[in-house]
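This is what each chain is made of:
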Amino acid sequence: MQFNRREFLGTSVLGGAALAGGIGFAPDVRAQQMVDTLQMFVPAAPGGGWDGTARTMEQALRAAGLIGTAQVTNVPGAGGVVGLPQFINQWRGRQNALMVMGMVMIGSIITNKAPVNLSTLTPIARLTEEYLAVVVPAESPHRDMRSLVAALKANPGGVSWAGGSAGGSDHILVGLICQAVGVDATKASYVPFAGGGPATAAILGNQVTAGVSGLSEFAEQVKAGRMRLLAISAAQRVPGIDAPTLREQGVDTDLTNWRGVYAPAGVNAQQKQAMITLMERMNASAQWKEECTKRDWTPTFLGGDAFGTYVTNEFTRLSGILKTLGLA
Amino acid sequence: MFSLRWPQVAVASGVLLLGLVVLWQTFQIPVSPLYARIGPKVVPFAVSFGLIALGLALAVQSVTGRWTDEAELQDEPVDWPSLGWLGLGLVLNLTLIGPLGFVIASTLMFVCVARAFGSRRPLFDTGVGVIVALVAYLGFDKVLGINIGAGILEGLL
Amino acid sequence: METLAALGNGFAVALTPINLVWAAVGVTVGTAIGVLPGLGPALTIALLLPITFKVDATAAFILFAGIYYGAMYGGSTTSILLNTPGESATIITSLEGNKMAKRGRGAAALATAAIGSFVAGTFGTVGITFLAPVVVEFALKFGPAEYFSLMVLAFVTVSAVLGSSAIRGLITLFFGIFLGLIGIDLQSGQPRFTFGLPELLDGVNVLIVAVGLFAVGETLFLAARRKHAPEGVLPVTGSLWMSKEDWRRSVGPWFRGTAVGFPIGAMPAGGAEIPTFLSYWMEKKLSKKPEEFGKGAIEGVAGPEAANNASAAGVLVPMLTLGLPTSATAAIMLSAFQSYGINPGPLLFQTQPDLVWGLIASLYIGNVMLLVLNLPLVGLWVKILKIPEPLLYGGILIFATIGTYGISQSPIDLVILYVVGGIGYLMRRFDFPTAPVIIGMILGPLAEQNLRQALTISQGDVTTFVTRPLSATLLAISLLLVLLPVIWTLVRRRRA
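Going down the list, the sequences are from chains A, B and C. At position 27 of the first sequence the residue is numbered 27 (the numbering used here), and the sequence of numbers has no breaks. At position 79 of the second sequence the residue is numbered 79 (the numbering used here), and the sequence of numbers has no breaks. At position 50 of the third sequence the residue is numbered 50 (the numbering used here), and the sequence of numbers has no breaks.
A hint or two may mislead.
[Claimed, not checked] Negatives, chain A to chain C, calculated, CB over 10 Å:
id	residue
1	Thr37
2	Gln39
3	Asp51
4	Thr56
5	Gln59
6	Thr69
7	Arg92
8	His171
9	Ser189
10	Gly195
11	Gly205
12	Arg226
13	Ala235
14	Arg237
15	Asn283
16	Leu327
[As the list claims (entries may be wrong)] Partial selection, computed: residues in chain C whose CB lies under 7 Å from chain B:
id	residue
17	Ser188
18	Phe349
19	Thr351
20	Pro376
21	Val378
22	Trp381
23	Gly395
Treat the hints as calculated values from the structure; they're not laboratory data. Think of the CB as a built atom: it goes at the ideal place given N, C-alpha and C, for glycine as much as any other residue.
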């Protein structure tokens, strides 16, 4: 599935006159344009997190004058595992091309025992992080993480956790929490729901003991007093987020849902450096910062080989916990 | 009255075979230590047993002649040439849509389908087919921005 | 009164010329994409998301809501005329609708679908306006145990479509459940029946199966018996419009469909398909002419069509009151909220009253627009049936192909479409009913997942289904529905 948004907006019936009068970004300072057409590969359906990252990148890059235009290709399926082989084989050697990916893809490669991995691709940068949150229903007796952990230790199966699909990031965090407090992770009553909506509904309806998902999924419910936020999964306190971390409450673990970009296999050092510089400049742009704030993404830029090492470490760490859970 | 009808037996065997394939594939489902209680295999097993049992019941019906239809269509002669043209159209579309692109592959399918339904004007059908396929293609590509792979004809646009 | 004043403000927002234009564009685009199989409102809105960078939030949501409602209207058109459902929620519509079209009553079927959609959409919107907080609290009482019991209840509806032989009906039901099980198991993360193909990890799309079974299967079937039993479509006879009797028979189903569709749509795991099953079953049971079902009963179009539109309104209830996305479309609309820096949640009504009430008002307006747009088109649509057979079926297959291949570009999806089409042909020839495949495919996996979720929460205690009052009630109703006909026959036999 290839969605060519630029063309869409330019030529569609809807696009024409009605949009022309709309409010666009008004770039004040035009930077040096680095790339004419940036090709972006999104191994997920339109509308999801990676797709949103790609589209936001396109907007920020264009508004900052760093690129002329961008073309987005979506190949959805199985946490990126359907699209990944296509990016590895058919996009080999292409310059000015980036694939959006993230922690979820690492998990998916491991749990689906995918025949391909990221080793041949070119790491460019980690762009954003989102933190996971542990919440309980408003009616819950648990006021903090210690109380929930005490209940978990007393009866591991008696604490039911709502979250996303088995083996996904929410499940991984529950596994890490169990490991950190010395409970057998396979004994936990983890209840996978099909997406954030049904999981949130189960927590609001007091159907489960606790819930784990991305912080933004729960933030409004917490603000309205319908859920209690016990902890976030960041390594340290995050400025602007009024919640203690797991580590602060004696649960010695952390996990972030990071997103980043890779260039295809077989690009030369010069092309690789050009993409890293492009991402560095985007990260420094006001437009990108503004969009990240709107979307509750924390921009934690990590470029080039440092990112590659980070991904390798994540791979090892996630493999470990997923093996414990019996999913790898 | 005893009447053994081979097509019926074949259908019943097909159902049985499906049940067995489901059973075989159910054994292939890996089970993690997490969900020993109600694992991923329970419902697949139920489905395979259901299909096998129902397939057997159907086989008995077909052998003993108790398979009755409201419409009694199964003894009707099949118009093989028409079905053949249609099948050819689908196979052509499936094999050519990648290498030649949507418009050419779908036009060929259109001509074959028209032939299956008794048309004797291949040139006219080709013309109509190209137009229908092009309209569909342009609708996806230009209006919605979904680029469904460039074939030979699409590349000219 | 407060609500009415807020709604009044909403109309003031929605009735500005520019927002009216957006609503009109939305319903037109929605109708168009609803007609195409495969292209649903979720994908269309996702493709339109870049608009959020260009227009203000109210306009964007009025556009999106128009597309969402419009798709529900448009989806029924091809279901009725061509037996090719454009949306999964209109699959049931094709059962009776296409039979009506073949008997020359396509216009009446389209009209009752359009008016039923209007009635349901309008009453559903009234429901959003006045009942949203109540409905959402009720919906939250449904946990996995309750959903499982609701699925059990919904399985009873299979009895309405089993056809002439229970054995063959159940075979197709199990076949549907099997198709629904393909893919990664949500509860354990393990792949099932994927045969090593990564394309199957996310499962098989129910719409591809429906289009394969109905459209491709029927095309094969008609081609195979062309020489021996040509089955032409009867020309449109009599009045184009609905007769007095059509009206009389449609009004009840419209309202009952609305009553079923709205609350189930509002449930976080309810969906739009289940209410159509329930409505179809209910109308067949209540009809004075149940023998007409399967041959083109207008109630079987009016009820399910109302049910799917009411459920579309229902889906907006948790979205607007709690910020909960309970369908793919709602999820994408919520991500559009985020690109405006608006965080949808329980406080949305307080923080964004103009947006929310403008959106609700635009739903009323959109419904009127859709009726005005669709009723005159009925006469035009039925002319499709006058296209000569060779061109008509060629065209249907082209649209089925682009709807399938265009979305995924996966040849595997095309193989599934054609293979299922071949199976659909055999099913017709050997008198297997096709509808249970769809019901099994939708209900089977849902029932399984909810069963396992409920048992994980209860730590394996199966009494959870009968000790929870709502769940027990639903199970009791299902039991009654199965037993009542049996008891009824016994009583009558004893009397006689």
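Verification of the supplied hints:
1. Thr37: holds (16 Å)
2. Gln39: holds (16 Å)
3. Asp51: violated (7 Å)
4. Thr56: violated (8 Å)
5. Gln59: The claim is violated: glutamine 59 of chain A sits with its nearest Cβ about 6 Å from chain C, within 10 Å.
6. Thr69: Fine: 12 Å to the nearest Cβ keeps threonine 69 of chain A off the interface.
7. Arg92: holds (19 Å)
8. His171: Not fine: 8 Å to the nearest Cβ puts histidine 171 of chain A too close to chain C.
9. Ser189: Answer for serine 189 of chain A: violated, closest chain C Cβ roughly 5 Å.
10. Gly195: violated (7 Å)
11. Gly205: Contrary to the label, glycine 205 of chain A does not stay out of reach of chain C, its closest Cβ about 4 Å off (not over 10 Å).
12. Arg226: violated (6 Å)
13. Ala235: holds (25 Å)
14. Arg237: Label holds. Min Cβ-Cβ 22 Å, cutoff 10 Å.
15. Asn283: Asparagine 283 of chain A clear of chain C: closest Cβ-Cβ about 19 Å, beyond 10 Å.
16. Leu327: Leucine 327 of chain A not clear of chain C: closest Cβ-Cβ about 5 Å, inside 10 Å.
17. Ser188: Holds - the Cβ of serine 188 of chain C comes within 7 Å of chain B, reaching about 4 Å at its closest.
18. Phe349: For phenylalanine 349 of chain C, the interface hint is violated, since the closest Cβ of chain B sits about 33 Å away, which is over 7 Å.
19. Thr351: Hint violated; threonine 351 of chain C Cβ to chain B Cβ min 33 Å, cut 7 Å.
20. Pro376: Not OK, violated: proline 376 of chain C not within 7 Å of chain B, min 22 Å.
21. Val378: violated (22 Å)
22. Trp381: Nearest chain B Cβ about 17 Å off; hint violated.
23. Gly395: holds (5 Å)
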